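**Q** Here is what each chain is made of, one letter per residue.
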Amino acid sequence: MTDNSSTEEMIRLLREISGKLDRILIQGSSDNEPDDGILDVLDVMTLLTLPDHLRTTATALFELGSATADELAERTNKERAVESNYLNQLVRMGHVAKNRKGRKVYFSIGEGLGK
Amino acid sequence: MALTIAVHSYKGGSGKTSFAINLASAYASVGKSVCLLDVDLKAPSSFNYLLPEAKHWVNDIFEGRYGVMDVIKDVSKEMGTKGAFYVGYSNPDILAVREVSSKDRKWQSKALKLLMTAKRDLSDAGIDVVILDTGAGVDFTSVNAIAVADYVISVGRPGASRQRSMEQVIGGVYMPLDKDCYIIENMCHNDNPTDLSGKKFDLPVLASIPCMCDVAVRCDNEVLVLTEPDHSFSKKIYDVMESLDKITS
Ligand SMILES: Nc1ncnc2c1ncn2[C@@H]1O[C@H](COP(=O)(O)OP(=O)(O)OP(=O)(O)O)[C@@H](O)[C@H]1O
Ligand SMILES: [Mg+2]
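So the sequence lines, in the order shown, correspond to chains A and B.
Residues in the first sequence are numbered consecutively from 1, following full-length UniProt numbering.
Residues in the second sequence are numbered consecutively from 1, following full-length UniProt numbering.
I should point out that these hints are in silico values taken from the structure, not numbers from a laboratory.
Just so you know, these numbers come straight off a predicted model, no measurement behind them.
A couple of the hints might just be wrong.
To be verified - EDC-like mimics (lysine to aspartate or glutamate), calculated; alpha carbons at most 16 Å apart, straight line:
no., chain 1, residue 1, chain 2, residue 2
1, B, Lys32, B, Glu63
2, B, Lys110, B, Asp60
3, B, Lys113, A, Asp70
4, B, Lys110, A, Asp40
5, B, Lys110, A, Asp70
6, B, Lys103, B, Glu63
7, B, Lys103, A, Glu111
8, B, Lys42, B, Asp70
9, B, Lys113, B, Asp60
10, B, Lys32, B, Asp214
11, B, Lys235, B, Asp202
12, B, Lys82, B, Glu63
13, A, Lys101, A, Asp70
14, B, Lys179, A, Asp70
15, B, Lys106, B, Asp74
16, B, Lys106, A, Asp70
17, B, Lys179, A, Glu63
18, B, Lys110, A, Glu111
19, B, Lys113, A, Glu63
20, B, Lys106, A, Glu111
Claimed, not checked - Partial chain A-side listing against chain B, Cβ under 7 Å, derived:
no., residue
21, Leu21
22, Val41
23, Asp43
24, Phe62
25, Glu63
For glycine and all other residues, C-beta sits at the position ideal for the given N, C-alpha and C.
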């Protein structure tokens, strides 16, 4: 095995581990989701109370305005699948709105249906 | 992207506004294109008495009535700066202040989005540096501005109790929002330098500015970095600008 390919292999493994860790985090934090289905507006004080990984995603979305999971993953340097998971979690919490435009799905900070 | 700096402090009256006006003027004086925004909507800063008036208010941005480019006014001619010097004021009328103070979370969420848009618009317009003069303490108006900024400069007066409160806001607001933070110690006493960087967070202190009676009087009527660039207060501000240039380059 050449030096180059072993580095590549290492990076691949690290990515895999990072992805697994992210999935564990999602499972862990899904316990915090409101089960009463209150759609809650995402203001900056609420943002501060989110777990780190969701706060990073939500902050990036505030910055981008509206974005696909791909665009967001590029911004946060995470796997698309992982970012998509976080986004959908934020959608379920009522913080983020999801809109389909043609073949693409765009996410944006929601207007909030609650108070 | 324009370099966006929020000037904040936990306790009031630490010298945020004096620092923000002078830092903005320092950047404009060396030819940078600058925008200084008063986002202290609940206690508007006095720089609308110090700098020329404008037609619209920063409040109009948050209400979605006008975009940031319609609100800001270039005062570089009046101030005699080499670079463009845009300012945006928040409305000091008590009715406007009362209105802002009663806004709900939904409005504040929208306000954050509009402020993010304003930052993008300013970048697109070629502004190099955006300085947000925030209100003291932790509320929507200050934390929204912090969330939008790339850097937070926390201006604090020395003292053990202030040190503890500063640690609270660093750990509970700046860090969770992933901000690069720097400290300005203001109104220090020469023979009693208290280090605000703190053991806990060890943030860099960009300057320690002594308490100077003439600064207290003159800051209300003039912009010292422009009227007296050799004043020791002005020199400290220019030093901060140079440090920031190194940090951001
Ligand atoms: N280094 C200094 N020495 C003496 N006086 C100073 C110094 N820096 C600022 N001041 C004075 O302290 C007062 C408060 O300053 P300033 O209004 O800038 O504080 P602030 O943090 O913006 O206050 P607020 O929290 O109310 O917005 C002003 O009168 C100002 O001139
Ligand atoms: Mg002030």
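**Q** For every hint, state whether the structure bears it out.
**A** Each hint tested on the structure:
no.	hint	in the structure
1	Lys32/B - Glu63/B	violated (29 Å)
2	Lys110/B - Asp60/B	holds (13 Å)
3	Lys113/B - Asp70/A	violated (21 Å)
4	Lys110/B - Asp40/A	holds (13 Å)
5	Lys110/B - Asp70/A	violated (24 Å)
6	Lys103/B - Glu63/B	holds (11 Å)
7	Lys103/B - Glu111/A	holds (15 Å)
8	Lys42/B - Asp70/B	violated (22 Å)
9	Lys113/B - Asp60/B	holds (14 Å)
10	Lys32/B - Asp214/B	violated (28 Å)
11	Lys235/B - Asp202/B	violated (25 Å)
12	Lys82/B - Glu63/B	violated (32 Å)
13	Lys101/A - Asp70/A	holds (15 Å)
14	Lys179/B - Asp70/A	violated (24 Å)
15	Lys106/B - Asp74/B	violated (32 Å)
16	Lys106/B - Asp70/A	violated (28 Å)
17	Lys179/B - Glu63/A	holds (14 Å)
18	Lys110/B - Glu111/A	holds (8 Å)
19	Lys113/B - Glu63/A	holds (8 Å)
20	Lys106/B - Glu111/A	holds (7 Å)
21	Leu21	violated (19 Å)
22	Val41	holds (5 Å)
23	Asp43	holds (4 Å)
24	Phe62	holds (6 Å)
25	Glu63	holds (6 Å)
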